[in-house]
Every structure is written in structure tokens, then in C-alpha cells.
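Q: Top to bottom, those sequences are chains B and E. Per the working numbering: the first sequence ends with 262, consecutive numbering throughout. Per the working numbering: the second sequence ends with 493, consecutive numbering throughout.
By construction, these hints were calculated from the structure, which means they are not laboratory data. A couple of the hints might just be wrong.
Unchecked claim - In silico EDC-like links for lysine to aspartate or glutamate, alpha-carbon gap of 20 Å or less:
#, chain 1, residue 1, chain 2, residue 2
1, E, 388, B, 246
2, B, 241, B, 204
3, B, 129, B, 114
4, B, 221, B, 257
5, B, 64, E, 373
6, B, 241, B, 8
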Amino acid sequence: MVNAEGVAPIIEARGIVKGYGHVQALQNADFTAYPGEVVALIGDNGAGKSTLTKIISGVIKPDAGELLFEGRAVEMSSPLAAQKLGIETVFQDLALAPDLDGAANVYLGREMLKAGLLGKLGVLDKQGMKTAATGAFVDLGVAIRDASASVVNLSGGQRQGVAVARAATWATKVIIMDEPTAALGVVQTENVLNVIRRIRDRGLTVVLISHNMPDVLKVADRIEVLRLGRRVATFDVKDASIELLVGAMTGALDQERAA
Amino acid sequence: MNSLPQAPDGQGPTDSAAQQPAAALPERGAESLGTRLRDSALSSNTLWIFLALVAIIVVFSVLKPTAFLSSYDIKTIFINAAVALILSVGMTFVIITAGIDLSVGSILVMSGVIDVKVMIAVAGGSSVSGNAGWGTIVVGIVAGLGVGLGLGALNGVMIALLRVPPLIVTLGTFGMALGLSDVLTGGVDIGGVPTKFSSAVGSGSVGPIPAMVLIAAVVTVAAGLVLHTTRFGRYTFAIGSNDEAARRAGINVNLHLIKVYALSGLLSGLGGLLSLAYFTTTTISGHETDNLTAISAVVIGGTSLFGGVGAMFGTVIGVFIPVVLASGLVIVGLQSFWQEVMIGAILIAAVYFDQVRRRARSRP
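The whole structure should be built from the sequences, with the hints applied where relevant.
A: Below, the structure written as C-alpha cells:
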């Protein structure tokens with residue numbers, strides 16, 4: 004399914020089904036992301052946003068349905084499998100180790116080692132990681148003044164910055180952000196939206212999961228709406244308004260069923 | 130590093146920091162040094178406990194200058210600390226992963242029993258094993274260390290793969306290893322330790338330094354480097370800090386936990402060898418509280434029972450405080466039992482300060 008400019012999707016989920024016991028979290032859900040865009044995935048609580056996010060980031064497996072990456076069917080069996088494809092996720096809980104510093108978190112699981120024999124013995128290149136992480140923070144406009152301060156001593160916005168910098172450091176294709184602004188104040192939210200724009204300007208795709216419609220309208224290029232485990236509408240941002248989005252989220256509007 | 134509540138005037142976690150543009154970066158060097166100094170000077174449990182050790186040494190030195198700092202006394206202090214230090218080094222890794230290992234003393238006993246049994250068997254009987262050569266001794270050493278490594282790995286497998294809590298797993302293997310040692314020996318300590326082994330390792334020395342102390346020092350320094358400079362150490366901290374984050378970052382958490390418990394078991398096995406060489410007999414009934422000694426030392430040294438925070442240097446101090454106290458109290462003419470009272474109080478205080486620190490930082 005190519006878009007209006009004839010570009011093929013980078014991620015496409017087709018007919019995803021996922022149930023937990025008696026609850027059908029996703030019932031034939033579809034999702035599409037195109038290269039280099041910010042696509043927002045919105046929906047009311049319980050619409051299936053989190054489940055769909057976890058499926059495309061490899062945390063959980065769907066019961067049925069198909070996941071395509073750059074047109075090829077892929078098995079996203081773990082976050083590691085997603086990472087190998089160049090997909091990084093900023094989880095809502097950030098998944099940081101609070102006692103480690105910012106640089107250590109950016110490089111967690113993918114540490115830089117010293118050159119030569121010391122590196123073979125597993126000795127870390129702490130200075131190299133600190134320098135590179137500081138560079139990543141500056142590039143993204145994340146205000147973390149000391150990359151060797153423990154994450155636990157950072158503010159909520161700064162912690163978010165560390166998690167985003169980690170994703171931006173490693174992602175080569177797609178960054179998925181699950182409710183990145185949910186816990187933030189006005190100014191930090193604006194910072195995160197700026198970071199999202201910068202990441203898109205590098206040519207990466209950003210999948211933004213949110214239920215904050217003003218934020219979504221500010222930063223997204225396209226918006227996909229989930230309701231009751233199914234995609235009910237997609238909008239180009241210039242055609243979208245809060246009224247339309249609310250209509251889609253609450254069931255007043257259903258493009259896909261009408262189509 | 131440990132951190133107590135941030136000073137309000139410091140580079141604290143204020144939201145205004147997040148709002149400042151990245152242009153504020155040039156000051157970073159100076160601030161980072163200041164932060165680090167303050168972190169280590171004001172907020173580190175390890176530093177406080179180091180000062181406590183210095184204070185204890187100063188007090189005893191002033192009270193009994195001739196006896197307390199005599200070379201004989203210092204040597205005794207270090208020999209008494211050697212085995213406890215080796216157990217505590219392994220315990221430091223375990224506690225940083227937010228685990229616990231109650232089995233260290235029993236693994237020590239069992240590895241000593243296996244070691245001497247193997248030496249006797251290879252030499253061809255307990256009547257001749259005392260004169261056995263290094264070939265026999267090495268086979269025994271390998272067997273003893275192997276028992277430690279194996280039991281430790283078994284702990285790790287049950288904790289990581291079967292998801293039985295570490296407290297229960299190691300309480301179970303604590304009893305099992307001690308029981309098996311009794312079964313193997315009929316509950317009676319066995320001698321027959323080769324003289325070459327006991328005189329080289331147990332009572333030997335390299336220059337002025339007792340061999341046991343040298344071995345403990347080398348092990349501690351090596352383990353400290355592994356903990357604080359390598360990827361293995363980084364994973365140990367990461368798992369204790371947030372195991373789910375470590376898992377999502379692609380770290381094989383289960384395998385790492387097995388390695389950490391295996392390391393603790395291996396070091397317990399080494400402790401068993403040293404103890405055997407020093408006493409020239411197994412010491413089945415002397416190690417029921419080794420686990421508590423090691424846990425106290427690690428916790429007093431500033432390592433958090435909740436995981437993610439700790440330092441090998443702190444553990445060294447935590448081992449020496451009780452040993453120095455015990456020696457000093459005897460020298461100044463008090464009953465050495467007071468040492469246990471004081472260690473109890475210090476332990477509670479150490480955990481209290483850790484709790485205060487955790488509460489102070491648990492902001493949203």
C-alpha cells in the first residue's frame with residue numbers, strides 16, 4: 004500500500020489480533036508508517052495502543068496477523084530482533100537503570116570497550132561513552148549537563164531525554180515513543196516535541212503513541228486512530244482537527260468501515 | 130555512587146535544568162568535578178564508614194600504642210580477615226544484583242571436605258596423605274574449587290531459571306551443603322592435610338606478607354577491577370538497578386545471575402581451601418554464621434541490599450571494622466563480645482542511612 008507520493012511503508016501491520024484471556028485487545032488492527040514521517044497512533048484508554056506498540060517493538064507476539072518491515076514479513080520475537088532491524092523503542096516507563104549514569108544507560112547492553120587487550124578482557128571505555136553520550140544529548144537539545152550523574156538524580160524531563168538519546172543513538176530506521184509526554188510539564192513537553200522533529204529531520208521514522216491531541220497535531224505528519232482494537236481512521240495532519248480526532252476515537256466517525 | 134539528598138544550591142535535579150538550552154554546557158567540566166567531589170565526599174556511605182574505621186584505629190592506637198599497632202597484631206588482624214574478605218567479595222557482587230547468598234559458609238565447609246577427601250584418596254590413605262606432593266595437592270585444589278563453582282552455579286540456576294527467591298535457594302543449599310559435609314565425614318572433622326599445602330598456603334608467607342593475606346588481596350583487587358571497570362561489573366549493577374531494563378537492553382540477565390552466584394560459590398570454595406590450609410583440618414562446625422559476617426561487611430561498606438549500588442572498597446572496610454574492633458577491644462581489656470554488640474549497631478545504622486538515601490530520591 005503506497006501513499007500518495009508513491010512511497011512504500013517502512014512498517015506495516017496487517018490484521019493484528021491479540022487477546023488476553025477474555026479481553027480482545029486488538030481485533031484485526033492495521034497500522035502503517037512511512038519512511039521519514041512522524042506518525043501518531045492515538046486512541047482512548049483501552050483502544051489497544053499499548054498492545055500494538057509492544058507488538059511492533061517486539062515485546063509481545065500477536066496471536067494472528069502479519070508484520071511487514073520494508074515490505075518483508077518479519078518475526079518480531081524480541082526487542083532485540085526489532086533492534087537488529089533498526090527499530091528502537093522509548094518505553095513509557097523509560098526502561099532506565101536508575102543507579103547508572105546517563106552515558107551508561109545510553110550504552111546499556113551495547114557498551115564501548117577499550118581498544119586492545121583491555122577491551123578483550125571486557126574493560127569499558129567509560130570516557131568514550133561519556134563523550135559520545137554528551138554529544139547525543141547536545142545534538143538532541145537534551146539538557147543533561149553531566150553524563151556521569153546517576154539517572155535517579157535527574158528530573159523527569161532529563162530522564163526522558165536519556166531514554167530518547169539512547170533510542171536516537173541506536174535507531175537507524177524507526178523510533179517508537181510510547182506516551183513520551185504523559186508525565187511531563189509544559190516546557191519539557193515542548194522540548195520532547197522538538198526532539199521528535201529533530202529525529203525526523205535526520206530521516207528517521209517516528210511512531211508517536213499519545214492521547215494528547217494538541218501535541219499530536221503539533222508534531223505529527225499523519226495520524227492513525229485506534230478504537231476498540233481496530234484502526235478506524237487515518238488523517239493527514241493538515242486535514243485533521245481535534246473534533247475529527249475525537250469523533251474517530253469515540254466512534255462517531257469510522258472511515259475504514261465506511262470505506 | 131551513593132547519593133544523599135542533593136544540596137539545594139548544587140547542580141540539583143531541578144526542572145529548570147531541563148529547561149536550559151544546551152548552551153549551558155561549557156561549565157560542565159567544573160560542575161562535574163564539583164558534583165563528583167560532593168557525591169563522594171558528602172553522600173557516600175563508603176566514605177563515612179572509612180572514616181569510622183580510621184577513627185576506631187586512632188582510638189585504639191592512642192589507648193594502647195605499643196600493643197595495637199605491633200606488627201604481630203597487624204598480621205593477626207589481616208590473617209583473621211583473609212577468609213572473610215574472600216567470601217565478602219563474592220557477596221558484594223551478589224548483593225549488587227539485589228540478591229543474597231546464605232550458602233557461603235556451607236560451601237566453604239563442603240569444598241574443604243571434598244578437597245581433603247580427594248587429597249587423601251589420591252595419596253592412598255590418610256596415613257600417607259600428610260606427605261603428599263604438589264600433584265596430589267593440585268588435584269585436591271581443583272576438586273575443592275570445582276565444588277564451590279558447581280554449588281554456586283546451582284544456586285544461580287535455581288534463582289534465575291526456576292525463579293525461586295535467592296533467600297530461599299541459598300538457605301536451602303546452606304543446609305544441604307552442611308548436611309552433605311556431615312554425611313561425608315560422619316560429622317567428625319578430618320585432618321591428613323598435606324604438610325606442603327598447609328605450610329605454603331596456611332602458614333607460609335611471601336616476604337613479610339602471609340600467603341593467605343596475599344591471596345585475599347589479589348582476589349579483592351582483581352574482583353574490584355572487574356566490578357568497577359568491566360562490562361561484567363556494569364551488567365551486575367544494571368541488573369540490580371532494574372532487571373527489566375537490563376533485559377530490554379538485550380543483556381542476558383539469567384546467564385549473568387548464574388555467573389554471579391557461581392563466582393560467589395567459587396570464592397567460597399577458595400575460602401574453604403585457605404581455611405583448610407590454615408587449620409590443617411576441616412572446620413565443619415565453625416562456619417554457620419559466615420554468611421551473616423559477609424552480608425554485614427558488604428552492607429556496612431555501603432552496598433545497598435536493594436541492589437544497584439555498591440563498592441568493593443567499602444566491602445574491604447566492612448570486613449576490617451569487626452576484625453579491628455575485636456583485636457582492639459581485647460587489647461584495651463574489654464571483653465571481645467562487645468564487638469558483636471557494636472557491629473550490630475553499625476549494621477543497623479548503615480541500612481538506615483541507605484533507606485534515607487532511597488527515600489530522598491524516590492521522586493516521580
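Q: Take the hints in turn and mark each one as holding or not.
A: Against the structure, the hints:
{"no.": "1", "hint": "388/E to 246/B", "in the structure": "violated, 57 Å"}
{"no.": "2", "hint": "241/B to 204/B", "in the structure": "holds, 19 Å"}
{"no.": "3", "hint": "129/B to 114/B", "in the structure": "holds, 9 Å"}
{"no.": "4", "hint": "221/B to 257/B", "in the structure": "violated, 23 Å"}
{"no.": "5", "hint": "64/B to 373/E", "in the structure": "holds, 18 Å"}
{"no.": "6", "hint": "241/B to 8/B", "in the structure": "holds, 16 Å"}
Comparing the model with each numbered hint stated earlier shows that hints 1, 4 do not hold.
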